[in-house]
Structure formats: structure tokens, C-alpha cells
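Listed below, chain by chain, are the residues.
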Amino acid sequence: DTGVSQNPRHKITKRGQNVTFRCDPISEHNRLYWYRQTLGQGPEFLTYFQNEAQLEKSRLLSDRFSAERPKGSFSTLEIQRTEQGDSAMYLCASSLVPPQAPEKLFFGSGTQLSVL
Amino acid sequence: DAKTTQPTSMDCAEGRAANLPCNHSTISGNEYVYWYRQIHSQGPQYIIHGLKNNETNEMASLIITEDRKSSTLILPHATLRDTAVYYCIVRGNSGYALNFGKGTSLLVTP
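Sequence order for the protein chains is A and B.
The first sequence runs 1 to 116 under my numbering.
The second sequence runs 1 to 110 under my numbering.
Keep in mind that the hints are not guaranteed to be accurate.
[Stated by the list, open to error] Here are the simulated DSS-like pairs of lysine-lysine, each with C-alpha atoms no more than 27 Å apart in a straight line:
#1 A:57 / B:102
#2 A:11 / B:102
#3 B:102 / A:104
#4 B:52 / A:104
#5 A:57 / B:3
Honestly, the hints are just simulated from the structure, not real lab data.
Given the structure is predicted, the values throughout are model-derived calculations rather than measurements.
Produce the entire structure from the sequences given, and follow the hints as far as they go.
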């Protein structure tokens, strides 16, 4: 399968613990996005990378959240000191952005986080 | 990026055409209209996009009004597998994040 891969699919943790999610984008895609989605809502943008550079962060991304994309390939999203409000689906998407052309995002199936 | 307005939910009988409307009255000249859908427990899936002209692909057709203030996504022969939340998004090439909103929940019934 050559789509966007996210691991783990599900994560249950206790409040106060740290968690890390991984996203493997489609090969050669230069942009990578993280979104968060809670029940009944559409996905909300968190941050995105152009190759290895993190170019934009939403104000939803508190200091407890950090994302990396070393070498411009896979990405990790870490949440420190998790809170119950962090419970959500975390979605990753990637795209290949040609100049002056519309951008199509390809999403993974997400990581469902439950904070107890 | 311009905001969009979509109905919260719609029903469609299997085999019939599903017409999903979207209003984007503040759209600017260089902004595209994108449609994505999200089937339960999966990530969103790209369907189609357009700028001014109507577009068709293997999944759907996109009809954009001449003034570009609204559009309609058409699924010509809806199947049960088309039951999903459909998101209409307006975005220019200089914008970064797709803002999804709440979308339209389409239920296709037998």
C-alpha cells in the first residue's frame, strides 16, 4: 500500500503521560499536515511541513504539542502531559505541491487517542 | 480563504443522484472550490476541485455557478458506500491549511 500510513491506529493513555504518533507520507510528497478531529466536528488544522521545515502552526497547537519531520520524510507528533481534552482523532495528510497549481491532500486513517 | 455554508444533513435513495450544495459568496477570483468526503472511521478523501468551469471525474461532477458564489457536487448514481460527510472547502494557492468546517452528512438509503 502506497498511501499515507499512521501508527498506532489507537492509543489509550492516562492523563499526564506523554504520547507520540508517527506518520509516513506518500513517497516524494513534499508537504505533510497534521489535523485533529473531535466527534461531530470537521478536521482542524494543527501544523504543516514543507519538506523538513515546519512552516505554520495553529494556535490549537499548545506548548505541550511538538511535531517534527526529520529529513523531510516521516513525521512525529508528540503530546506531553496529556489531558482529557486531547482525546481526539489525529490525522496526517501529505501532498505534492507543484507551483501555481491546486493542491490535493491525501489523508491517512488517523490515530485515535483516548486520554483516561 | 472564503467561508462556506453547507446543509447539515441530506438523504438520498440508492441509485438516485445526490446533489450537495455549497454556498461560498465571498470567494475571490483565485480561490478554488474543493470537495472532500469522510467515511466513518477513515481520513478525508479528495473528490474533485474546480475554479470556474464545471468539472467531472470518475467520482463526481462539480457544477460552479457563473458568479462562483455557490457550487453543487453531484454523485450521479449514489450507492450505500457513498454515505459519508462531504466537505466543501474554498482555498487559494497561497493558502496553506484546508479549513474543513462541519460538512454535510449524506445518508444513502436502500
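Hint check, failures only: none
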